[in-house]
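2 protein chains.
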Amino acid sequence: MEKARRFVLASRPVGEPKEADLRLEDFAVPEPRAGEVLLRTLYLSLDPYMRGRMSAAKSYAAPVAIGAVMEGGTVSEVVVSNHAAFAQGDIVLGRTGWQTHAVSDGASLRKVDPTLAPISTAVGVLGMPGMTAYAGLLDVGKPKAGETLVVAAASGAVGSVVGQIAKIKGLRAVGIAGGADKCRYVKDVLGFDECLDHRAPDLPARLAAACPDGIDIYFENVAGAVLDAVLPLLNSFARIPICGTIAHYNDTAPPPGPDKLPAVWRMILTKRLRVQGLLVTDFAALHGDFLRDMGQWVREGRVKYREDIVDGFEKAPRALIGLLRGENFGKLLVRVAERSE
Amino acid sequence: MEKARRFVLASRPVGEPKEADLRLEDFAVPEPRAGEVLLRTLYLSLDPYMRGRMSAAKSYAAPVAIGAVMEGGTVSEVVVSNHAAFAQGDIVLGRTGWQTHAVSDGASLRKVDPTLAPISTAVGVLGMPGMTAYAGLLDVGKPKAGETLVVAAASGAVGSVVGQIAKIKGLRAVGIAGGADKCRYVKDVLGFDECLDHRAPDLPARLAAACPDGIDIYFENVAGAVLDAVLPLLNSFARIPICGTIAHYNDTAPPPGPDKLPAVWRMILTKRLRVQGLLVTDFAALHGDFLRDMGQWVREGRVKYREDIVDGFEKAPRALIGLLRGENFGKLLVRVAERSE
Chain A
77 MEKARRFVLA SRPVGEPKEA DLRLEDFAVP EPRAGEVLLR TLYLSLDPYM
127 RGRMSAAKSY AAPVAIGAVM EGGTVSEVVV SNHAAFAQGD IVLGRTGWQT
177 HAVSDGASLR KVDPTLAPIS TAVGVLGMPG MTAYAGLLDV GKPKAGETLV
227 VAAASGAVGS VVGQIAKIKG LRAVGIAGGA DKCRYVKDVL GFDECLDHRA
277 PDLPARLAAA CPDGIDIYFE NVAGAVLDAV LPLLNSFARI PICGTIAHYN
327 DTAPPPGPDK LPAVWRMILT KRLRVQGLLV TDFAALHGDF LRDMGQWVRE
377 GRVKYREDIV DGFEKAPRAL IGLLRGENFG KLLVRVAERS E
Chain B
77 MEKARRFVLA SRPVGEPKEA DLRLEDFAVP EPRAGEVLLR TLYLSLDPYM
127 RGRMSAAKSY AAPVAIGAVM EGGTVSEVVV SNHAAFAQGD IVLGRTGWQT
177 HAVSDGASLR KVDPTLAPIS TAVGVLGMPG MTAYAGLLDV GKPKAGETLV
227 VAAASGAVGS VVGQIAKIKG LRAVGIAGGA DKCRYVKDVL GFDECLDHRA
277 PDLPARLAAA CPDGIDIYFE NVAGAVLDAV LPLLNSFARI PICGTIAHYN
327 DTAPPPGPDK LPAVWRMILT KRLRVQGLLV TDFAALHGDF LRDMGQWVRE
377 GRVKYREDIV DGFEKAPRAL IGLLRGENFG KLLVRVAERS E
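Protein sequences, first through last, are from chains A and B.
Position 124, counted from 1, in the first sequence is what my numbering calls 200; the numbers after and before it change by one each time, with no gaps.
Position 17, counted from 1, in the second sequence is what my numbering calls 93; the numbers after and before it change by one each time, with no gaps.
If we strip away everything but chain A, and leave its shape as in the complex, we get (with noise of 0.2 Å):
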């Protein structure tokens, strides 16, 4: 017979998670009752957010209990439906959390048609961080042609859309990333204007030299550093949607100072700056329009996508560790199980 596993939060991270924070359990395979499904998780999504609900601390959402199964964005298989809407073999967009199997009313499920894109894609360019980035540049944002955008985590889920999209509205895309590899890439393959290695010396004068008409808006996904040397070259009304600050995430104190709020207060006065956060969940009366036009971008070669794919279920700790170093190459996603024929 079928065994399930499921990562649960053992312990509250204090700095950068351990393994042994998240703690792999044997379940038996639930039994769907009336109305229900039965699914087979076929990705596990991994994104930034996830070090959010590791914690106590309070945030817009409620933290993962002790015990409880981790949180997160998932694919699935229905393997058995009790459900009108749903057929076995159907793939189906779910927030199941870390675990192989789940049962579910259905209600928050969402259909993937498989005959359209890779159904990778639900958790990736078409899922959650796509829409992260097309809410957060276009709504939040207001890109103008001409407007020079900055990005950090450029060749990320949510980066490489963000500088994607830029180039579709006739922004020049300035994406910053660690390492010679990925920034050829989102030079090269994605076809930003440029891409900066912050691992490199002296980032400020490489960022300045790399916009030399200043920066309209500087899409934040990762504070620290890469903010302090964007400070400087904003020009007056930049906007800064906020959708992440990772370079913070494992923080197990505020930095010690000085405090640079105060100056970063006077610049959004004097510089009249626009900065405004963003959750992907508040915008769902865009989600049509991001599924139009983000399906129609990647069909037609517009908006590519790079994929960082573990195998393995039992990966998923060491790989969250990674994504909040920096080591994925693309959307990071587990692949928990194949596709039944």
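It is possible that part of the hints are untrue.
Because identical chains share one entry, a pair is satisfied inside a single copy or across any pair of copies.
[To be verified] With a Cα cut of at most 30 Å, we get these calculated BS3-like pairs of lysine-lysine: (1) K347 with K218; (2) K347 with K94; (3) K220 with K134; (4) K79 with K391.
None of these hints come from the bench; they were simulated from the model.
On the provided structure of chain A, position chain B as indicated by the hints.
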């Protein structure tokens, strides 16, 4: 023969300005040429932004040069007119600076109708500070009835108007001011729901008690300890229009750590805050609406104002130092001369 006097910037202040940073000079009353008018200053407006103009640091406007006349908004009387659009005795609003007399080609002057309101209000509730409050609250803050607004310097030229407009728009208005007299005035005369003395202990707890439903708009004009107290109380989707950070204008270096910026940046994300700087000069398109609405509100007594008038031009430097310390009570003005009959 009448002598003219002016204050020029003698030296750039380090920290709090000293009176000696401004030097009083005599000069010959200038002669207007064809197309020009000679103005006699009646009121000089003193405003916090002036501290920025005394520094060499890059900002939205060029600093005042050493030896040049200090900048400032003025209400003046036309003494001699060689300009078709102005007659002797006209009252005009201008930016002729810290001097008793000035010559102008009229391009940057606006006539003030002395029958509509006291002429001093042209640099107060019906002028730049009133317009800053109006545009910042309505256009940037986007207030909605039932929300809670917090503003500091609540008895001052901008804060007093922000809170009164908030009340007109159906918000709960909570002010912060320095000392019991100002707080009583803000609550009893201006009609704020609450006003808290920032000099009394435990502002964070008192602010939390005054904002039982959290804070939806924090109109930022001070930063510092008030911002620290506001941040934990902000609701999701709160707005922070930034028009000033007076608590830091005399800073000589960034404050010691820890660095609060990463935590604030993350809060902007998790609460989906919108933080946006504003300069009144960006809102020329709203000026007609402002004059119509504010004129009506003042006539109807729905917006009250209080002026803190210092008599004597020579007292301007000391008054500016006091403004930066929060010693004024109401819109600070220097009465430079009486209107002639």
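A quick look at each hint next to the structure:
1. K347 with K218: both (17 Å within a copy, 20 Å between copies)
2. K347 with K94: between (42 Å within a copy, 28 Å between copies)
3. K220 with K134: between (36 Å within a copy, 26 Å between copies)
4. K79 with K391: within (17 Å within a copy, 85 Å between copies)
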